[in-house]
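Q: As given, the protein sequences belong to chains A and B, one line each in that order.
When we follow this note's numbering, the leftmost residue of the first sequence carries the number 1, and every step to the right adds one.
When we follow this note's numbering, the leftmost residue of the second sequence carries the number 1001, and every step to the right adds one.
It should be emphasised that the hints constitute simulated quantities derived from the structure, not laboratory data.
Computed from a predicted model, the values in this text were never measured in an experiment.
DSBU-like, lysine-lysine: derived pairs with alpha carbons at most 35 Å apart:
| no. | chain 1 | residue 1 | chain 2 | residue 2 |
| --- | --- | --- | --- | --- |
| 1 | B | 1270 | A | 15 |
| 2 | A | 69 | B | 1139 |
| 3 | A | 57 | A | 15 |
| 4 | A | 55 | A | 42 |
The chain contents come next:
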Amino acid sequence: MSANKEISFESALAKLEKSVDEIKKEGTTLEAALQLFDDGLKQYEYCSELLSKAKQKVMLYDKSTAKLKELD
Amino acid sequence: VAIKPIKVSQLNAYIKRILQSDPLLGNVSVSGEISNLKLHGAGNIYFTLKDEISKVSCFLSSEHVRDLHYELSEGLEIVVSGHLYVYERGGSYSIYVKEIAVAGVGNLSLAFEQLKQKLSKEGLFDQSRKRSLPTFPHKIAVVTSDTGAAVQDILKTIKDRNTYVDILIFPCLVQGPGAAADISTAIDKINRLFPEVDIIITGRGGGSMEELWAFNEESVARSISASAIPVISAVGHETDTTIADFVADVRATTPTAAAQLAVPDTFQIKLYLDELLLRCREDFTNKVNYLKMRLKANGFESFRDGLLNRIKLNESKIDQLIEGLTHAIQIKIADFDLIIEMLKIELEGLSPLSIMNRGYGAILDMNGKLMRSAIPLLPKNQINVIMMDGQLICTINDRILKEEKNVGE
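Isolated chain A, as found in the complex:
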């Protein structure tokens, strides 16, 4: 299920962190900073959305039927 996501939470978070670092750099042009800010915002929204989708599932594997059963 994590494999078919476009990007992982980790890489989105890493991108956001990189944006913050890059914007700060003196050599970054305004255009680049704008782009980085835009990117950073996108990553933030992506990460937040992922987190706020509180869709945690707890499943129990049934050996006899070899099937998963959802708990709760």
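Since the structure of chain A is provided, determine the placement of chain B on it from the hints.
A: The following block gives chain B in isolation, referenced to the frame of chain A:
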């Protein structure tokens, strides 16, 4: 009384009957040292148990070998329990061993050390084999008893920390016969059936060394090391260390600790995300402000401001000069005033009027010329005497010169 001779087989059968019907020999425990250890092809083990003086043959059948957690070795001090068995054909006897206890350290400790050494030699505990856990797992598999405290601890801890991650519980026996095989199979199965699982937690709550034993079995160690998915071991309490702990990628001291290690705190992550966004925003704003400032520093406004400043500067310079000049002139004027005043005083001392004040008069001839001598003046001449407060027009009656007077005398 003469006894009729009997056959060898009859003797041995008799001895067998006597010995094997003896209640003491039917359930005997004997201590000694292993020697002449032989593993038979069928899985049976033969060895000699000896002390300083005597020795006795021992036999351990393959079904009992399986119950041993450890390997027997030459010189090992053990206590065997079993019954005496007589081989009629050979006329020998041996102990049919059902149980072996290791003297001193105990069976389990020995088994533990043996397996630990073996797997360590194979490199299964090497630090280089250990994989780091993913920082943001999507799915966690839990291999433990579904009725124990461990599964509850893990579930509660994960749910408290993380509202995102999916949890897959794989119930299995965690103690007693079959537990090791169950755990091992579960780990293999998860790898095969649910390869998307990010982390496997396997373990159980606290218990005696015997109760935790499944986690010291080789099959469990093998499955953990073969798992493509990182494994966290969480067996018993902090003081319990199992072979599974050595092989696992991460050892957690308790099931609760395993859950904490496995999943990040989503609330903390949210805070961190917000902080990152804030920083992103601030940094961007700072950048823009900085550029604005630089633009301003080089723009028309600044050029104009610079010019105005220079004008103002020059104006104030001029003002200063004028002020200085005015001041200097005033000083000069004051100087002159003083000089004039002094001259006036000096002049006043020289003025004929001041002499007249004392009662003198000035004598002018008819032409208004000031006379310094009486000689040019003759009787009948008119003179003008100027005094302080008026003039006297006079006619000279007589003239007496100083020499004439002297002559007259």
